[in-house]
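Take these sequences, add in the hints, and give me the full structure.
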Amino acid sequence: MRHFEQELEQLKGKLLEMSALVEASVQRSVAAVTQKDRSAAEQVFRDEARINELEMEIDEFAITLLATQQVVAADLRLVVAALKINTDLERMGDLSVHIAQRAISLLSEPVIKPMVDVRHMSSLVESMVRKSLDAFVTNDAEMARSVLSSDNAVDSLRTASYHELVSFMEKDPHNIPQALDLIGITKSLERIADHSTNIAEDVLFLVKGIDVRHHAEARQ
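If you count the sequence shown from 1, you need to add 11 to reach the numbering used here.
The reader is advised that the hints may include incorrect statements.
[Stated by the list, open to error] Across the chosen pairs, the derived CB separations fall in these ranges:
(1) Val122 / Gly24: 40 to 46 Å
(2) Glu28 / Ala85: 18 to 24 Å
(3) Glu175 / Glu16: 49 to 55 Å
(4) Leu191 / Ser167: 19 to 25 Å
No lab work stands behind these hints, which were simulated from the structure alone.
Glycine is no exception: its CB is placed at the ideal position from the N, C-alpha and C atoms.
Listed below in structure tokens is the structure:
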């Protein structure tokens, strides 16, 4: 194996490590909310440092590859996609921390409403995260497209949840602190879904060589 190919494998290995950490953080942050699991939230906080460290390592590694190697064609797409996916993964990690922080503030309070919508939304989001990362690992364009098709459902759930929580605040001001936490949680989940969509788009760029961000027909 050429030295350059070994370096590409190292880059992918670092991304896979980060992907696993971020996926676990998303799952734990959701468990912290829906199961009132303090230990899950605390693990999210502990993993944040390694996620941030990996982001810097991957950026430096990829930029060094671009600066020192004559990267062409599919290899160039891989390095560019890795840089973009790296950024999305780090932001997903940050959003998991935000969810875990809000989960901690909800631990001691009786819930103002059942968590059905949060559970439904988080289940969709976790599926999008898993599929987007699996699509990257396996170069699966069809799986990536399935992620893109789920984004609107998450947006709709978030909008419905927002309107319901606003009505709870209007009915009783005592509901405001918890309702704001839940609004923040659903907003963070929506943004995690958006980053999963970004990763799926990057997979399509990597596998097919097409940029689908502004071409709706290419997303089908």
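Hints, verified against the model:
1. Val122 / Gly24: 40 to 46 Å: 42 Å, holds
2. Glu28 / Ala85: 18 to 24 Å: Since Glu28 and Ala85 have Cβ atoms about 23 Å apart, the given range 18 to 24 Å holds.
3. Glu175 / Glu16: 49 to 55 Å: Given about 53 Å between the Cβ atoms, the range holds.
4. Leu191 / Ser167: 19 to 25 Å: 21 Å, holds
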